[in-house]
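Undergrad: Based on these hints, arrange chain B on the given structure of chain A.
Protein sequence lines correspond, in order, to chains A and B.
Residue numbering for the first sequence follows our numbering, beginning at 34 and increasing consecutively.
Residue numbering for the second sequence follows our numbering, beginning at 34 and increasing consecutively.
Do not take every clue at face value.
Since the list gives no way to pick one copy over another, a pair counts as held whenever it fits inside one copy or between any two copies.
Said to hold, decoys possible - List time: in silico DSSO-like cross-link candidates among lysine-lysine, alpha-carbon distance up to 30 Å: (1) LYS381 <-> LYS46; (2) LYS149 <-> LYS409; (3) LYS355 <-> LYS227; (4) LYS384 <-> LYS409.
The set of hints was computed from the structure by calculation and includes no laboratory data.
There are 2 protein chains.
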Amino acid sequence: MDIKMGIAKAGIKPSGDYDILVLKFKPSVYSVVLTQNSLAAAPVIYDRLIASMQEEISAIVVNSGNANAATGEEGLKNAETMAEIVAENFDIDSQEVMVFSTGIIGVQLPMDKVEKGINEACSNLEPWDLEKSARAIMTTDSFPKYYETTGEIDGKTFTIKGIAKGAGMIHPNMATMLAYIFTDVKIDKQLLDKTTKIVADRSFNSIDVDGCESTNDSFLVVATGESEVEITNENRTYFAKKLLEVATELAKMIVKDGEGATKLIEINIYEAFDKEEAKKVAEAIALSNLFKTAMFGNDPNWGRILSAVGQLHLDIDFNKVKLYLGEFLLYAGEPKDFDREKAVEYLKNNKEVKIELYLGRGDAEWTYYTCDLTYKYVEINAEYTT
Amino acid sequence: MDIKMGIAKAGIKPSGDYDILVLKFKPSVYSVVLTQNSLAAAPVIYDRLIASMQEEISAIVVNSGNANAATGEEGLKNAETMAEIVAENFDIDSQEVMVFSTGIIGVQLPMDKVEKGINEACSNLEPWDLEKSARAIMTTDSFPKYYETTGEIDGKTFTIKGIAKGAGMIHPNMATMLAYIFTDVKIDKQLLDKTTKIVADRSFNSIDVDGCESTNDSFLVVATGESEVEITNENRTYFAKKLLEVATELAKMIVKDGEGATKLIEINIYEAFDKEEAKKVAEAIALSNLFKTAMFGNDPNWGRILSAVGQLHLDIDFNKVKLYLGEFLLYAGEPKDFDREKAVEYLKNNKEVKIELYLGRGDAEWTYYTCDLTYKYVEINAEYTT
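Just chain A, with the same shape it has in the complex (with noise of 0.2 Å):
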């Protein structure tokens, strides 16, 4: 894929480091999932705008350290001049830009500093590194998220590459998940966009660090059409298949770097009524306060793994349930004798443990990913004003 990719550190963030990205590509189909939160930050109202009426898009500009949220119609002035600093210094029509923020709440752009790094990020074009842009959106993150696959169709390879950012809505407003994934295939919006939706319900939408949604989430896909492989409904299945890869290892690497969490947990659901029973019962679990400070105290806890599923108020035969961790069954319509002790150490020894939960309702399945609740995630965040 021939993506350029230009990096400043304009000094928004109060760290000095690069804090601006700008991707540059041909004018390619997308589609874009925004947060629904109704506290929507500038940029992503900015974007719903151009996603109403752009077919193709052929840059994104990402700042880092300022979300550009909660800042009225002055706000909503400053994403539209990011997005016509980059239309000029790449002589395209400014609706080709999709414009992103994450950082502070409530603050207004810099927008002298802005209008310099990105004129500096756009004059300074290289090839795209995932390292280096996944590293300029970061805010809170303690680590770069990026993967990248390939596939092949029929003999010919197409190539996936995506960057994250995003460690749970943390930091005082510090907060955002924000994805971006290119592909080489050639597929028509419509069908692209029907992916993206079903990948991103099954990825960044069954995650959880703190149950807060973010004011300026959003998951970008771009398909380039550069490589020999196209993609029809007879195929579409298999390239979703590669689609939610990527973006399911950027998900985890989002929960992973949760604020002060020390494991990944993977809920399963299985035998569920329907997809959506499926997912609200993984989604209960994984938002339980007492869930997931059990998890960081090791103890296999299953009352409130339970209990967490009976407060959905479904009509759930808790005769029929079967609930593991890891391979230890804890109950089976009545509680079980099973190791603690070996359990306790289950749950000590693995940065990654799993939860399997069968309903014995129907055939749907579900996997959702959560982290435990820590000291340091009351830490991280009540102790930012001090």
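TA: Same frame as chain A, now just chain B:
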């Protein structure tokens, strides 16, 4: 009110403290609100049955230390047996006895101890002592919770007395909110049911410690009719206000005793479209981990409050929204300049703090109580097994 109390140390609680409470009173109309958690405990299932058949009850029995939840058929049999033991002692029908349990989940009750304890409690009746009875139902509570008030209608006095327990759905499986309120007014069951439902919604259903609903939550109101005061459609609002006073004071004690809490936070929503919306918005703030940790950190972080509201995806116009912390106006359509240092001082120096949010959409109101999320909460809930 002629209410008799019996308490006993049955040895269900590891601490050896009082763990059986029996209250005996004349056959009285009652109203009960039970948990909707579908993993309902055996006594809750039993009480639901009683509530569907009985117009009046004349005794309750409560054990603390074991929740009799997730205990299957045997658990249900044990709940029934508890009622039968009380009934034999008092020579009444066992269907006149309601049963409540609180404590660890998934362990069968030690019925020999329970039987001995109930027999002992029933044969040593004394006048109802609010504090003693509140202590007998405590689990992880750090103080006994009780409150009483009187009212006057047409020159005649009536009394309302209540006890409660609960400190969040807390200490691994040491769950549950229980509340029992007795009044001596004359009232028919239908009017009492209606009043209790409204009162429960504005009190015990408007508090949060950690978003986790227990398998055993129960709220019982009994009206013995021993006073001269008769509640009618004309004076029911006054009676409801008095009942709400008792319920709210008990509910606030539960939040104050929330695990690890350092602050009671009152969230007032004004100008909502309707009551449902007002409650939903209040709850969204009350449940936000980011908001709760900010309160612990004495951080007047308005972005986290508005973002929690935005997460509801209501079509709120944030240009019309006003937000106060105590007397500080933090946001009014845009970020406001407020004395940040003084706002931090306000949070630091008060054990009870107030949030006021005006939505600019109507005239509905709701009040919700929550507490902050602290290191201690994580400790209590993570370190149980060690």
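Undergrad: For each hint, tell me whether it holds in the structure or not.
TA: Hints versus structure:
no. : hint              : verdict
1   : LYS381 <-> LYS46  : between (37 Å within a copy, 29 Å between copies)
2   : LYS149 <-> LYS409 : neither (37 Å within a copy, 47 Å between copies)
3   : LYS355 <-> LYS227 : neither (34 Å within a copy, 39 Å between copies)
4   : LYS384 <-> LYS409 : both (16 Å within a copy, 24 Å between copies)
Hint compliance for this structure: hints 2 and 3 are not met, and every other hint is.
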